[in-house]
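Undergrad: This is what each chain is made of:
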Amino acid sequence: MDPSNNNSHEPVIVFEDVSIAFDEKKVLTNLSFTLLHGQTKVLFGVAGAGKTLVLKLALGLMRPDSGRIVVLGQEVSAMKEHDLFALRKRIGMVFQESALFDSLNVEDNVSFRLREERTPMDEITQRVEDALRFVELEHTMKLFPSELSGGMRRRVAIARAIITEPELLLYDSPTAGLDPVTSTTIVELLVKQRDVNRTSALLVTHRLQDAFTMATHVFDSKQNKMVPVAPGTDWDSNTSFLVLKDGVKIFEGSAAEIANSDSEYIREYLTQ
Amino acid sequence: MQFSLTDIAKRNVLAVQEYSLLAWSSIANLFSSPRYFGDTLQQADIIGVGSLPIVILTGFFLGAVLALQSANSLARFGGLSFTGQLVSLSMVREIGPVLTGLMVAGRSATGMASELGSMQVTEQIDAMRALGTDPSKKLVTPRVVSTVIMLVVLTVISDLVSMAGGAMVAVFMLRLDGNQYWSTAWQSLGVGDIAMGLIKPFVFGFIISTIGCYYGISARGGTQGVGRATTQAMVSASVIMVITDLFITQLLLNFFPFK
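One line per chain: the protein sequences are A and B, in this order.
With this note's numbering, the residue at position 155 of the first sequence is 155, and numbering never jumps.
With this note's numbering, the residue at position 120 of the second sequence is 120, and numbering never jumps.
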């Protein structure tokens, strides 16, 4: 893959001075950041730092008290719920607990969006197979979510999010609560999606190792696996970091910059 | 945690506002695409066919009890032959719609609240919104439409079955003539009685389904919250339905007075 083949650096997500409070408790305070096309931004923070809220705000599932949010060129913070449905079809979201429809089997979960768009059945079948093959779960089509392990449910959620080839992917702690082996499998899928399909992504996590793996690995299509970036190469994984502390942005930069940060909080976070 | 009276008032006003918006959108959704005919049919099957056994059982035995109780009073005035008329008028105008409404509220309003509540607390509703589908169109409107239609159908069935229950008591226990029972039962029913008996389940179906969906979609707090939503849906749907019944009856009596 040619890293110079990046698309235009148009902003996919823009947060401008976004604040939101619940019961007079500020959860996000004047948060501003920009995600450019083809980039992956990793949001760090301890539990309750407002990470998931950022994703829900970007998707228009919640509205900020103040500030402006622009996603794929549309100001979601000023749009009506009815108008947001069309925009959301261009975005894929993977929820922390997968949020699969428990009364539908894997096939129906993954094909949900295609069925809503009245896609022909032949095409649905083919695309569901492709999406499930991407997450290596093509044998689970007729199973129900309750019959899957936690890691498998996350992979099905990823397949459901990517089946329509969205322009933007939002991942909410996709490796939370999973064992290291399954976590690596999930991270590999995120890297594969980033490098093979060049999808912009906002990833929320509190697991540093996952984020650093994403920043230091690339997907090798020939070997069909994730490989570390060789030292000395000029590969840019297009992965940057943003750290939230009590709803305030305290860092934004690359993997190298966060590793060399002078911030006591970040150093403590990194060494834990 | 302490709440002031202002907080409680605000919460209640907000709940009324959210319920009103949900009820309004459930109707407004009928006039814009996408429309979910498949989901509506599926719900009609769950609500209608699923409720049929309890509606038939309760209707039949209530009709029988009504005939038994009323026969005792009517016999004192030498009016035993009016048993059929009393059963049919009582059931069609009042008891049929209310009884069927309470049965469907107990079965379907709770079902809707627990199903949608479970989806809410496990983020499935948010997932649906994230996938670009309006939960109000996909989940609420099909339930409201199918409940309204099926409650009318179930009420008609309940009315007929209750008259059959009354006939069983009249013929086998009171030794009345079957033909006389059925002819008085049928002939006493006027257009106004039937209209009243069909308008009420239409309104009750709307109340039951919108309240069930409202409590489901506004469920918070995990499985305990779902349980709470289910109980509240049952209680609120039943109470509001019976209170509304008084006002509808008064209103309809202006249009369809007793002959």
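Because the hints were derived from the structure by calculation, they are not lab data.
Among the hints, erroneous ones may be present.
Incomplete in silico selection of chain B near chain A, CB under 8 angstroms [to be verified]:
#	residue
1	E18
2	R107
3	Q120
4	T122
5	Q124
6	D126
7	A127
8	A130
9	L131
Not close to chain A: a few residues of chain B, all C-beta gaps over 12 angstroms, as computed [as the list claims (entries may be wrong)]:
#	residue
10	P34
11	Y36
12	G38
13	S73
14	M128
15	R129
16	G132
17	W186
18	S188
19	L189
20	V191
21	G227
22	D245
Quick caveat: nothing in here was measured; it's all calculated off a predicted structure.
Using N, Cα and C, we set each Cβ at its ideal position, and we do this for glycine too.
Undergrad: The structure should be examined with respect to each hint, and the outcome stated for every one.
TA: Verification of the supplied hints:
| no. | hint | in the structure |
| --- | --- | --- |
| 1 | E18 | violated, 13 angstroms |
| 2 | R107 | violated, 18 angstroms |
| 3 | Q120 | violated, 11 angstroms |
| 4 | T122 | holds, 6 angstroms |
| 5 | Q124 | holds, 5 angstroms |
| 6 | D126 | holds, 6 angstroms |
| 7 | A127 | holds, 4 angstroms |
| 8 | A130 | holds, 4 angstroms |
| 9 | L131 | holds, 5 angstroms |
| 10 | P34 | violated, 7 angstroms |
| 11 | Y36 | violated, 10 angstroms |
| 12 | G38 | violated, 10 angstroms |
| 13 | S73 | holds, 51 angstroms |
| 14 | M128 | violated, 8 angstroms |
| 15 | R129 | violated, 6 angstroms |
| 16 | G132 | violated, 4 angstroms |
| 17 | W186 | holds, 45 angstroms |
| 18 | S188 | holds, 47 angstroms |
| 19 | L189 | holds, 43 angstroms |
| 20 | V191 | holds, 42 angstroms |
| 21 | G227 | holds, 17 angstroms |
| 22 | D245 | holds, 34 angstroms |
Hint compliance for this structure: hints 1, 2, 3, 10, 11, 12, 14, 15, 16 are not met, and every other hint is.
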